[in-house]
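> Chain by chain, the residues:
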Amino acid sequence: MDPSGIFPTSYRADRRVVRTRWQAIALALFMVLMLAAPYLASGRIIAVLNMMMISAVIAVGLQICTGYAGQINLGQAAFMGVGAYTASILASKTGLTFLLTIPLAGFSAALFGFLFGLTAARIKGFYLALTTIAAQFIFHFAVLNLPSTWMGGSNGITVPPAELFGLRFVGETAQFYMNLVVASIMIAGAFGIVRSRFGRAFVAVRDDDVAAGIMGINVAATKANAFLIGAFYAGVGGALWAYLIRFVGVDQFTLFNSIFFVAMIIVGGMGSIVGALVGVFIIRLIQEIIATVGPNIADSVSFLGGDIVFAGMNVILGGVIALFMILEPKGLMHRWNILKSSYRIWPFPY
Amino acid sequence: MVYFINDIITGALIGLLYSLVAMGFVVIYRASKVFNFAQGELVIIGGFIVWYTTMQMGLSLWLSIPLSLVLAGLVGYAIERVFLTKLIGESVFSMVMVTVGLLILLRGLVLLLFGPAVRPFPIIFPLKPLFLGDMLITMNLLIGGIITIIAAVALSWFFNRTRSGLRMTAVAEDHVVASSMGISVKGSIAFAWVLGAILSTIGAMIFLSGKSLTFLASDIGFAALPVALFAGLESIGGLILAGVIIGIAQSLTTNYLDPMIGGSLGSVVPYIIMLAILLIRPTGLFGWRTIERV
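Protein sequences, first through last, are from chains A and B. Those letters in the first sequence? Residues 1 to 350, per my numbering, in order. Those letters in the second sequence? Residues 1 to 294, per my numbering, in order.
What the hints contain is simulated information worked out from the structure, not anything from laboratory work. Note that the structure is predicted; figures quoted are calculated from it, not measured. Beta carbons are placed, not taken as given, at the ideal position from N, Cα and C, and that holds for glycine. Mixed in with the good hints there might be a few duds.
Stated by the list, open to error - Result set (DSS-like, lysine-lysine): computed pairs, CA atoms no more than 30 Å apart in a straight line: (1) B:K186 with A:K330; (2) B:K186 with A:K124; (3) A:K330 with B:K86; (4) B:K186 with B:K86; (5) B:K186 with A:K340.
Unchecked claim - Non-contacting residues of chain B with respect to chain A, defined by C-beta distances greater than 10 Å in every case (computed): (6) F93; (7) L109; (8) P126; (9) I149; (10) L265; (11) I272.
To be verified - Here are the computed distance ranges between Cβ atoms for each label pair: (12) B:Q56 with A:L144: 49 to 57 Å; (13) B:A117 with A:P161: 37 to 45 Å; (14) A:T292 with B:Q56: 32 to 40 Å; (15) A:I297 with B:V82: 31 to 39 Å.
Given these sequences and hints, build the entire structure.
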């Protein structure tokens, strides 16, 4: 809800994303901080921020598909993989510029996602989730079993660096700006999508698909669209990932990675773009902490070896998902919204 | 020709093993309306319990098998108490997501407790295969197939013919309606998870007997998924037919088609069948057709 004194007098004003002056200031400050980050922070933090921005693009896509349109999607990592492979094959074989490979990666992932979204015409609920798991397995099968000259098989593909007008995007700082620009465009786009006609159709289908159908929404097309958009975001994120890591292999896109993305939107809060960003920040931070602390613990309990990082990550993330579903299924954004409305109407109770 | 028949029989028996693991999915779904993504994890937990009681504690098989089944039941009960009781009446989405969380939580816990080492699994069924003329049939799969058929018939009778079984069926229809009719939803879900964990442990014994045990064995959970969907999530008897069909299809693809194309198409055949089934007949062969109202 808006603070007192803010009364939208036109439809345009009512649709605004940035509603108050303080929100505008906060957004501007945040962007300035992000732009200045490479000069303020050390390389390690920039590396983590790079990872966060890429995850943010993918998690926002999942948020649109799962949080807004209500379609459980456990194949987001496979869609990301399709994008990453498309970008790396195009970049290494044809030498296309990243200005083209990144959108093309998005489109190819969107096509792949759309194929699975089409099954929504026949099935719904968690049956649909099962087809997305099948997407995961079929992606792995395709990469590992198609001739290795196509997709590198189990060896993976090495990706040439992104290049623009002879300027090479190598090193964390250069890639930081590339990721920042792409992520900002994608996230701004997401805000646009969810308040458009499509976004309202998504929410209607999520809340009750039978009722939405009766009101004249093409339910199957809306669900397929949700998958298409979610997969497009995953593909773009995958392309950024390919340029950041400079190597793609099939192990980077497993069911576990898909579940990590689901964990991000559950923690942040379903049905909120900002929630997805909050979730990305928290989950990636937890992963970073475990990756830093893990090896020290591994030294003291030696029989586990390097697997403690993976194992600990699974225990904590699995625990976090279960805990949030039991205690706060609406996520942290819901808590924040309660807090926000209480300070906005203070000192009145409602 | 002999090899062809042998491949069909072996495929059918492997299919029956998938049916047994899939029975875990179906029993839990049939009594609680929760689709348990963590089924494969229950299988390895069962495997590790059997390994621990036989290899670590040194009990004889006659003692360790019943003990393992009891322990597995307790684990199932504990999981239900901690994670699922609190979600009764919540949306299906929450419940499914909790089992997705359980999937990675249990995998992590198994890794933390037992580590990634490869361990020998006790030989529960005789290793010597059965020879029928020129055909060779693996003993553990044969006995496992018989156990699967017995379990399917018994559970099918229980859920369709007895009073307590029908009560659980009501829970699978709708939690709120069932509990307003005086049926204990909690009891039903607890029973489902105990039974699901026990079935998974039996599955682990058949699957792993005389082989090696690592946390990667949980992949069988996802291999059994297509069988459960093919049969329809509510049908226990249908699992036998679905398992046999998928097992034979997989075996024939692995033995005859894969050498031709030089790939491992066999491992994805079940998923291709699953996708086809979901598109043509989403409720599976014997699943319930539900009517939706606003």
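> When the hints from earlier in the document are held up against this structure, which numbers fail?
Of the numbered hints given earlier, those the structure breaks are 5, 6, 7, 10, 11, 12 and 15, listed in rising order.
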